[in-house]
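S.K.: As a plain string of letters, each chain reads:
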Amino acid sequence: MDNKLIIAKSEPLWNTNNRVVFLISTLIILLFALPLFGLNSFYLHLFIMIFMHAVMAQSWNVIAGFSGQISLGHGAFFGIGAYATSFFYIEYGISPWVSMPFGILVSGFFAVLIGIPMLRLSGHYFAIATLLIGISFQVVFQRWDLVGAASGLWVPMTPEDSWSALQFHSSKVSYYYIFLVFFIVTFFIVWLLSRSKLGYRLRAVRDDPQAALSLCINVSNYKIIAYVISAMIMAPMGSLFAQYILIIDPDRVFNIEISIIVLLITVLGGIGNVWGPIIGASILIPISEYSRIYLGGTGGAVDLILYGLILMIICIFRPDGLISFVPKDILNRKKQR
Amino acid sequence: MKILSVKNLSRSFGGIKANDNISFEVDEGTILGVIGPNGAGKSTLFDLITGYTKADDGKVEFFDKNIFGLSPDKISNLGVGRTFQKLKPFADQTLLENVMIGSFVKEKNIKKARDKALEIIDFVDLIEKRHHFAKELSTGQRKRLEMARAMAIEPKLLLMDEVTGGVDQRTIPGLVELIKKLKKSGVTIVTIEHNINIIMEISDNVLALDQGKSIAYGSPKEIQQNKQVIDSYLGTFDAA
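Protein chains in written order, with the numbering used here: chain Z, 1 to 337; chain V, 1 to 240.
Bound-form chain V, shown alone (with noise of 0.2 Å):
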């Protein structure tokens, strides 16, 4: 079944085209891998998509409820949850507290609230850093937190924008992990993702983009052989 449906969608900044007619669908359950160089309009399709730019043209439907134009806190209550490239933690207070801001959408209780949110930080395995205040945790660690803030209003689908960016390589393959076991649990997950290994390891599907257009949508291992994405973005190396 398709969770998201993105159809022609486009948007100008003065005369630059950061998003150009572009449309993909997504089916429930899968991984979407966005990549692309930089400046190719990724972000910004995540903007569109959750309301924080409005599109020039075209139409999102998250399960055939069109979406296009709403605000970005009615489409997250709808169930599309998102995480941020510049992190956005609520830096004054503790990672539980941002977790419990999330889980306050479906629980009235305070302390059904708060027993979710340990739950979900549990899962993304910061339980010790609990009380932490956000600002006091690394990259990695505030990556987490997004992502367990995100997934605390229970999102169907998850759009993660590059949450393996800016940290160590230690960090990647818990990170990775991570994203795995989001998708076993059930939910839809579109990803940006500079690390070209990384998305075709989780992805199901990949799409690409350059300039703002959308070069290419298929399988990791028919992008992978794709000769306009190598051309702008893998490089001959990687596909040799």
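Next up, chain Z with everything else stripped away, as it sits in the complex (with noise of 0.2 Å):
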């Protein structure tokens, strides 16, 4: 065995960047201790937005990012889960806790049914085929009495804060711990799934099809494992919005802004990279969140305008993300020359 290949075996695995380790480390402990500090009301708001936001946008990434198929329908599956753990509280008094898991199920279980006939369409036919599916989706749930129709759910509320029915009035705090913990663990199951023999292949599927069968790669099969996956990782984001605010209908949790919103932070972020939706979800959802506060309710729709704004500039100058901004040697998959 020559020396360069001797050389190249002994490598680490993974290019373990002391800084990015330290960084992390630092992040979660500080999003940990900081509602310590005594942070009111709105900015828990808006922390929960954002940790929700960047799992949602984490879903659609490893669609998108991963295996290269564009869903413009993911709502849906937000949907899905918000249904599930309401509905099964309503009608039969069960935890949330217990409820999730089987609106993940119902998700992945409708990502196989979306995904086998969908997923053989290529490029703009799949993302119009899910757009209408998301619409569907919505406008089905408007017309089904047994979910309340468009009048939607309304989540009896418990007297105290309950850990098992996931009601916190009191105070925002165990909700901002609640999506903390699901952001971070979704974060590193899809930074795991990118390092996988799965990810890997994913990233074939993507980047050349043709090329991918010719590596044993089974590309249809691949690509609903991508959407089933995604579609799991966005349910327990509805079931735990749905317990946030105890109030859902068709039009808020099917809403087809879901859907462009997810795929905004993740452009903006960087697609297919699984910082991209952290660092897009944390400018977006402030911007948002800021544009209501002094523009009143809906934030008179500037929120979007500035999102089509950044989103151009991004497209024109940064076609890769804001993470393109990071240097390659400080990223995992840096180039050892």
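It should be emphasised that the hints constitute simulated quantities derived from the structure, not laboratory data. Keep in mind that the hints are not guaranteed to be accurate.
Okay, the calculated bits of chain Z under chain V, using three or more residues with CB under 8 Å as the criterion [unchecked claim]:
id	segment
1	4 to 13
2	195 to 202
3	216 to 225
DSS-like, lysine-lysine: derived pairs with alpha carbons at most 25 Å apart [as the list claims (entries may be wrong)]:
id	chain 1	residue 1	chain 2	residue 2
4	Z	K9	V	K17
5	Z	K197	V	K88
6	V	K221	V	K183
7	Z	K4	V	K135
8	V	K108	Z	K197
9	V	K221	Z	K9
10	Z	K4	V	K112
11	Z	K9	V	K108
12	V	K111	Z	K4
Quick list of simulated restraints, FRET-style, between CB atoms [to be verified]:
id	chain 1	residue 1	chain 2	residue 2	range
13	Z	V173	V	N109	54 to 60 Å
14	V	E136	Z	S122	25 to 31 Å
15	Z	V20	V	K54	46 to 52 Å
16	V	S71	Z	I247	46 to 52 Å
Small disclaimer: the values here were computed from a predicted structure and weren't measured. Glycine residues also receive a C-beta, built at the ideal position from the N, C-alpha and C atoms.
Hey, can you piece these two chains together into the complex? The hints should help.
M.R.: Given below as structure tokens:
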């Protein structure tokens, strides 16, 4: 064995950058400590929304960033998660912690049902088909009496804070920690996925499906796997959101805006990179929340105009997203020349 | 022992017969060179064998197993690797990642898959470029990448589409040596090649196509002397 090969084999599998490890550890400690500094309700809400949207965007990142399929109907899985927990809590008193996995499974099941025919389509056709699927969920739930039709579901409020009912009325701190844990866990799941055999194969499918086929990769199956994983990451966010606001309706949890915003967040931060959704959510969500404060109600849609503007600038000057500002040698997939 | 047996393989696109009743066999451990002018149906033949294009008629046997009609991933899983005329590297991934995607077929453990990929990259003399993104490599290096990636699935049969096409003259000897090295390692090769000198140097047998038809099949010497091949492809200068 020659020297160069021995050296190459002795390299660590991942270029664990100490600075990045330190940064992540510090960030996690800081995020856990933050409520101790007496964050007011608005800032707690802001962080909760950032965590939630980062997870939702991470979900979209799996199907679009890793396997290259642009889904415009991902809000459907958010809605399924929301309705699963609320419905079973209202009808049978089942704790959201129990019904949440059910919502995840139902989302996964629908992803298989939708994915098998839809993922045979490619490019724009898949995007358009998922857009219509997303809208059709909204239309069906608007007319489905069992789940409250257009008026939706009102989750009965517990008299006091309850971990089993996932309801906290006195403070948002508990919600903050729950969303934070989901945020961190999802980040590590997707990080592990990106470094697994599955992650490699999904990127192969994204980059060149024809070449992937020549490497024994069943392209259709892998697209479906990515779609299912993506849906199963999205669903618990719907469940948690439902328990956070305690009132859900089709316009709120199946809204097309959900599907669009996860796309915007991911593209802004950096598609196909585990950091992208976090960066994107940390920028877009504060813009959205502040514009709602200063411009009232829905933010006068100024947030959407700002999103569009930012997205145009990013697409023109930084097509790889804001993550591309980070020097390559800091990222794990660095080049060792 | 016959590793590949193609019988009466045909495929038409509209009124054009891209492959018309083509038959040939490949012995294990040999190199079959496929020659023919542009549009002769060489790449179509590869697409038909590997399942990328469905044949209208015929039979393809790999070690006596009928692989006609199987999907490309199933065929590659049986041990048929291939490279492409129009290169298809995973551009946004490093050379090592490209080859690891192939080595994952046989190695489930990520460290073992990485080490195996490194050995193959070393075999194709690109070890120093292992962390370079595929899009940063030269055409010759990308050809090696594709060979390495195909080798990573441990194919018994490797179909290579114009390995020396589109590269500068300095790069060709290295690629030819690599094909010989591959053969020595025990892989059976079917290669499409435009450069007749290379075909004559490396092939055990040659299949000549013209306008979708097989016009000759035999040893390089026989092919060089075949009148039909001379008329349609080699020309009188080479035959003299």
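S.K.: Next step is simple, just say for each hint if it's right about the structure.
M.R.: Against the structure, the hints come out as follows:
Taking a C-beta to C-beta cut-off of 8 Å, the segment 4 to 13 of chain Z contributes 5 residues in contact with chain V, enough for the three needed, and the coverage statement holds. Residues of the segment 195 to 202 of chain Z lying with their CB closer than 8 Å to a CB of chain V number 5, which satisfies the three-residue condition for coverage. With 4 residues having a beta carbon nearer than 8 Å to a beta carbon of chain V, the segment 216 to 225 of chain Z meets the requirement of three or more and the stated coverage holds. Taking the CA atoms of K9 of chain Z and K17 of chain V, the gap is near 50 Å; set against the 25 Å cutoff, the hint is violated.
A hinted pair counts as satisfied when its Cα atoms are at most 25 Å apart, and K197 of chain Z with K88 of chain V qualifies at roughly 20 Å. Under the criterion of a C-alpha separation no larger than 25 Å, the hint pairing K221 of chain V with K183 of chain V is consistent with the structure, at around 20 Å. Between K4 of chain Z and K135 of chain V the CA atoms are separated by roughly 23 Å; this keeps the pair inside 25 Å, and the hint holds. For the hint pairing K108 of chain V with K197 of chain Z, the CA-to-CA distance comes to about 8 Å; that is within 25 Å, so the pair holds.
For the hint pairing K221 of chain V with K9 of chain Z, the CA-to-CA distance comes to about 45 Å; that exceeds 25 Å, so the pair is violated. Taking the CA atoms of K4 of chain Z and K112 of chain V, the gap is about 17 Å. The hint holds against a cut of 25 Å. Note on K9 of chain Z and K108 of chain V: the hinted pairing holds, with a Cα-Cα distance of about 17 Å set against a maximum of 25 Å. With a CA separation close to 17 Å, the supplied pair K111 of chain V and K4 of chain Z stays within the 25 Å bound.
Taken as a hint, the range 54 to 60 Å is violated for the pair V173 of chain Z and N109 of chain V, whose Cβ atoms sit roughly 43 Å apart. E136 of chain V and S122 of chain Z have their C-beta atoms about 27 Å apart, which keeps the hinted 25 to 31 Å range intact. Taking 46 to 52 Å as the suggested C-beta distance range, the pair V20 of chain Z and K54 of chain V conforms, at roughly 48 Å. Between S71 of chain V and I247 of chain Z the beta carbons are some 49 Å apart, a value that agrees with the proposed interval 46 to 52 Å.
Violated hints for the displayed structure, listed by number in ascending order: 4, 9 and 13.
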